[in-house]
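Undergrad: Each protein sequence line maps, in turn, to chains A and B. If you count by the numbering used here, then the first sequence holds residues 1 to 118, one letter each, in order. If you count by the numbering used here, then the second sequence holds residues 1 to 298, one letter each, in order.
None of these hints come from the bench; they were simulated from the model. Note that beta-carbon positions come from the ideal geometry of N, C-alpha and C, so glycine has one too. A portion of the hints provided could be inaccurate.
[As the list claims (entries may be wrong)] Just so you have them, the derived chain B footprint on chain A, three or more residues with Cβ under 8 Å:
1. 12-25
2. 32-38
3. 43-55
4. 95-104
[As the list claims (entries may be wrong)] When the alpha-carbon atoms are kept at most 35 Å apart in a straight line, the in silico DSBU-like pairs for lysine-lysine are as follows:
5. A/K97 <-> B/K136
6. B/K136 <-> A/K11
7. B/K201 <-> B/K266
[Said to hold, decoys possible] Per label pair, the in silico range of CB-to-CB distance:
8. A/R62 <-> B/Y82: 54 to 60 Å
9. A/R109 <-> B/Q9: 20 to 26 Å
10. B/T188 <-> A/E33: 36 to 42 Å
11. A/I7 <-> B/I129: 17 to 23 Å
12. B/E68 <-> A/E33: 57 to 63 Å
In case you want the letters, here they are:
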Amino acid sequence: MKEQRLILSEKFNNSISTRIAVENLLKNIKTDELIIDFSDISFISSSAAHQMVIEIRLLEQRNINVKCENMNPDVSRMIELSKTDRKNLFTTIPSIKHSIINSNLDLSRLFLEGIQPD
Amino acid sequence: MPNSIYDLQFQQPRSNFLGSQLKEVIDFIEFIDSNPRARNIIINLKNIQFVQPTFILALAVLFDMLEERGSSLIVNQPKDGYCNSYLKYINFPSGIRPDVIKDWERLLNKHPYRTYLPIVNFPTDRDEISTNVREKLLSQINLIIKSRLNIESELQNAVSYLISEITDNIIEHSGINRGWLMVQFYPTTHYLDICLIDAGKTILGSYIDNGMLEIKDDATAIEKALIGLSTKRDDRGTGLRTSRAISMDGLEGDFILYSGNALYFKNKIAILQRKWPGTLVAMRIKSKVEKFDIYSYI
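Please work from the sequences and hints to get the whole structure.
TA: Below, the structure is given as structure tokens:
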């Protein structure tokens with residue numbers, strides 16, 4: 001049985017940020033068993049984590065056994081969240097008001113709201 | 001008149017509000033729309049005393065777009081010495097291009113005590129070389145945020161999250177080969193500005209290219225994107241929705257999304273007379289918030 005160990009820190013330094021990076025990494029895997037080693041990876045974005053879940057499912061459909069090892073708690077939590085329904089109730093947007101801006105005065109009024117940093 | 005020289009005198013934004021930064025940018029877009037054949041343009045910044053990422057990064061993107069179209073542009077530097085130096089430090093207008101400049105890491109780390117990241121102009125191509133450069137760049141940015149900004153780890157994660165999600169959106173949806181990024185921290189008031197811009201096909205353009213023809217205008221497109229409607233009709237599409245929630249609800253800040261002629265700001269969508277030629281995301285977040293848990297918003 002062929003086994004491959006993929007040490008992510010050799011490819012990514014400390015973080016994995018984009019979908020395409022995960023897609024490129026896992027698209028040409030040819031083995032019976034893949035071990036993905038997350039040592040030294042301190043951050044994975046939500047998109048990259050979601051893509052990781054998709055790619056692992058695709059590998060498993062090709063009868064490749066995939067194991068993930070050495071995940072730090074933040075990375076592990078992001079991967080677990082990516083497996084769930086991603087429509088989080090707490091991030092539902094309140095109803096948005098629409099308006100048409102026809103004049104410079106309207107534009108200035110719109111922009112003169114907000115937080116000043118200093 | 002194509003051979004005329006246009007001296008565009010930019011004024012200091014009227015306030016430091018995030019929205020105020022866009023007013024001068026929109027006036028510049030109005031000039032571009034009204035003078036499509038203008039070839040010689042002076043970007044006159046002599047009256048500018050202080051710049052923030054949303055204003056200066058948008059200006060850099062428009063500068064690049066006009067140069068691509070064959071215009072010749074010159075920057076007339078600010079009279080204010082501090083502002084003049086700042087523009088040099090942030091590499092205005094071209095930015096740091098990590099796929100072009102070999103020592104981009106040194107440039108990014110050149111001023112370790114400064115509270116900003118210079119303008120970064122990154123490749124968005126999907127090939128392995130561009131992807132590796134971009135991942136290395138984002139890793140480096142995460143390390144700089146960690147070492148330079150002196151913020152708690154939960155907030156470091158939030159900043160990394162916001163940058164990576166919007167960068168990912170640019171790669172997946174803009175249809176253009178460059179993206180732009182700038183970060184500025186205000187240590188005395190504990191605010192952080194993050195701005196990411198592309199000059200691509202807009203959110204509406206991305207929905208249309210993915211066959212979602214029922215979405216017919218920019219305002220509907222940005223509303224759908226903020227609700228979390230994926231162009232792939234699956235459970236993707238979370239980047240803008242969660243970034244808005246983290247910025248506004250979690251970190252008590254502001255969030256601007258300007259794509260085509262629609263602008264989301266303060267939970268309103270305004271239809272403007274001038275179109276941003278792509279998508280602009282500007283976030284202002286508090287860097288000190290009690291009881292912030294990023295995972296509540298993802």
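Undergrad: Does each hint hold? Answer for all of them.
TA: Evaluation of the provided hints:
1. 12-25: holds (count 11)
2. 32-38: Not satisfied, violated; 0 residues make the cut.
3. 43-55: It holds: at least three residues are needed, and the region 43-55 of chain A offers 6 whose Cβ sits within less than 8 Å of chain B.
4. 95-104: Holds: 7 residues of the region 95-104 of chain A have a Cβ under 8 Å from chain B.
5. A/K97 <-> B/K136: violated, 40 Å
6. B/K136 <-> A/K11: holds, 9 Å
7. B/K201 <-> B/K266: Between B/K201 and B/K266 the Cα gap is close to 24 Å, so the pair holds against 35 Å.
8. A/R62 <-> B/Y82: 54 to 60 Å: holds, 59 Å
9. A/R109 <-> B/Q9: 20 to 26 Å: The hinted range 20 to 26 Å holds for A/R109 and B/Q9, with Cβ atoms some 24 Å apart.
10. B/T188 <-> A/E33: 36 to 42 Å: violated, 54 Å
11. A/I7 <-> B/I129: 17 to 23 Å: holds, 21 Å
12. B/E68 <-> A/E33: 57 to 63 Å: violated, 49 Å
In this structure, the hints that do not hold are numbers 2, 5, 10, 12, in rising order.
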